[in-house]
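Protein chains: 2
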Amino acid sequence: MEPNIVPNSYFTSYEDLEIHRLMLEDDPRTSTYRKVILNNKAYFKDKVVMDIGCGTGILSIFCAQAGAKKVYAVEASNLANLAREIVKENNFEEIIEVIHCKVEDVVLPDNIKVDAIVSEWMGFYLLHEGMLDSVVVARDKFLKEDGEMFPQNAVIYVAPCSVPSLYEKWDNFYGVSMSSFSKHLRSDKSHKPEVMHIKSEDLLGEEVALNWINLRDCTVEELNSYSVQHVVGANKNGRYQGLCIWFECIFPELTTEQLIVLNTGPAGEPTHWKQTVILLPEEQIVEEKEPIAFKLDMNRDGENSRRYNLQLSLLDPEEIEHPMPCTCEMTKCVLISAVMKQQVEHAAQHNSVLKEEPIDDE
Amino acid sequence: MEPNIVPNSYFTSYEDLEIHRLMLEDDPRTSTYRKVILNNKAYFKDKVVMDIGCGTGILSIFCAQAGAKKVYAVEASNLANLAREIVKENNFEEIIEVIHCKVEDVVLPDNIKVDAIVSEWMGFYLLHEGMLDSVVVARDKFLKEDGEMFPQNAVIYVAPCSVPSLYEKWDNFYGVSMSSFSKHLRSDKSHKPEVMHIKSEDLLGEEVALNWINLRDCTVEELNSYSVQHVVGANKNGRYQGLCIWFECIFPELTTEQLIVLNTGPAGEPTHWKQTVILLPEEQIVEEKEPIAFKLDMNRDGENSRRYNLQLSLLDPEEIEHPMPCTCEMTKCVLISAVMKQQVEHAAQHNSVLKEEPIDDE
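Read top to bottom, the protein sequences are chains A and B.
Mapping of the first sequence onto full-length UniProt numbering: position 104 corresponds to residue 104, and the numbering continues sequentially without gaps.
Mapping of the second sequence onto full-length UniProt numbering: position 152 corresponds to residue 152, and the numbering continues sequentially without gaps.
Honestly, the hints are just simulated from the structure, not real lab data.
Heads up, some of the hints might be wrong.
Copies of the same chain look alike in the list, so a pair counts if it fits in one copy or across any two.
[As the list claims (entries may be wrong)] No farther apart than 30 Å at their CA atoms in a straight line, the calculated lysine-lysine pairs in the BS3-like style are these: (1) Lys274 x Lys199; (2) Lys69 x Lys169; (3) Lys183 x Lys102; (4) Lys113 x Lys102; (5) Lys274 x Lys183.
Let the sequences and hints guide you as you build the complete structure.
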């Protein structure tokens, strides 16, 4: 079936094009960037933009369509050749300059600075194989002091979840008991995070943010290590089988009223990033409001700085500090929640009294 | 993300389990075998069966559930270990014997013969990476003279088609012209057959059978080479962009009334085999009834006998023989079709006259 694969030095590999096809056809991804750019023509008009890791060049073309004066489209791989062709077929050769090199090696004419950096640098769970380091370096080198980053912020969220596709149905699969199969499947998958779709209804508790990355001022060092320790009350009776990880990217508020967010979580439209799941070694049956305590560490790999090691630790809810208020059923948390609720209600009442009689009462 | 993948010698590889999951979850595949076996309990009762390439052992378990006296479940890979566990959890250790070796090396006690061979040996376009050679060798060695093969027959079909996912939409993709992208995508894919889903409505003409393999008597040599030369009239105006290849497997008619067929074509339920498409170097615009002439050669690869080379030749419809009747619009074919239709009608009339007055007329 693969008799003579003609070597194709024009691109890095055949897979490149398939990956770009997957990304282009990811509608939440492509249409969010398009909306962000084309809804902000008033901002982009006559701006100088840099698109880092431009791939096929589609984001650069959106910028040119939005009125950018100049777009530097930087692409390290041989895909830069294709980007040039696509720029040409859209008649933007005057506006878009495709630069075929690493962004770290780019030198702009007269050392000019750019008004905005547009980049789709996100990998699985945001940082996997990520290009964010390169984007940060380029920002420090090329972005004007008051320049804009697209996206501007990125957040990683984590929440406990069930993973029914790896547990259910195998006990009675077409009338056959295949528990050994699902056990080995899970065991194999427990060695590394699994990229898969998780449904909203399979989340077992509120998500917590692992980090909040401000793309305008974060440093490469800040991206080395993240950690969150958390307790959450289960939102229903269920089977706690893994930790679900996803991210959101938030774009600058400019001329549009609406905040534009690319949400890759279970509640959003499915994307090619799916979600990332760390499976527990053993499932745990939890009851509604039962506290689920965990710690997640995400550390850059020592040998390959483009990779991260994810480590999930299961904690004893008795031994760690709970958030305030906490959704769990432990006595202290129930009491604190009740008191805090009272205070909020009191404040609201007081507030409304003040509002009703704003001046005369003083 | 892949920090320390623990080597797992229990299975050949992690991917093994994922591939078996894909196959198990392929409902047309699994439920067709289940139906064939469990609808034929009267046949399977007390039979001795061999399951070649048993994988997880699910087909062997279906046979045991159907009443087989003995099942030899042969698996060359380390998956045999898992099959044993699954057999055990279904309490069929007395019936099913998992044999961990190549079927070519199997020796059965007292050189007994089996009543039936059950096997799911099919690869992409039926023969890719196929295990059919092994099944044929095992049949000659182990199957009783009047034994049954499940499946009993297999047919490869080919039909001209459109491949809109590689052509359409890219001319105006989110407002951007990306023809260069789709051109390179197609060019990359033209080097080898592409496994993908084709819709029924994208077929441009009736399918033709490349072969008809009778599993009860075919030889390994007969599997070396297949060729079909064909002309078909386009069933509508359209864009001829590739040749679509798929297969059907037909199971023995035993105690059930209904012929059970596993159809992997565009008209069937989608399977993990999808369809295989050979792309044309350039699309051709065709009009309804326009003759489409081609030759498809499928030859075993000289170096790797488990692979086949597929070659599509586009032919001049003027220069080759057309089937009779032919669906194309060429004068000769239209005339022949008209004459044949007349003859059929005449024969039908004559027949009905005979039927109405069966004896007196003589």
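Hints versus structure:
{"no.": "1", "hint": "Lys274 x Lys199", "verdict": "both (10 Å within a copy, 26 Å between copies)"}
{"no.": "2", "hint": "Lys69 x Lys169", "verdict": "between (57 Å within a copy, 28 Å between copies)"}
{"no.": "3", "hint": "Lys183 x Lys102", "verdict": "between (44 Å within a copy, 26 Å between copies)"}
{"no.": "4", "hint": "Lys113 x Lys102", "verdict": "within (17 Å within a copy, 66 Å between copies)"}
{"no.": "5", "hint": "Lys274 x Lys183", "verdict": "both (23 Å within a copy, 28 Å between copies)"}
Comparing the model with each earlier hint shows no violations; every hint is respected.
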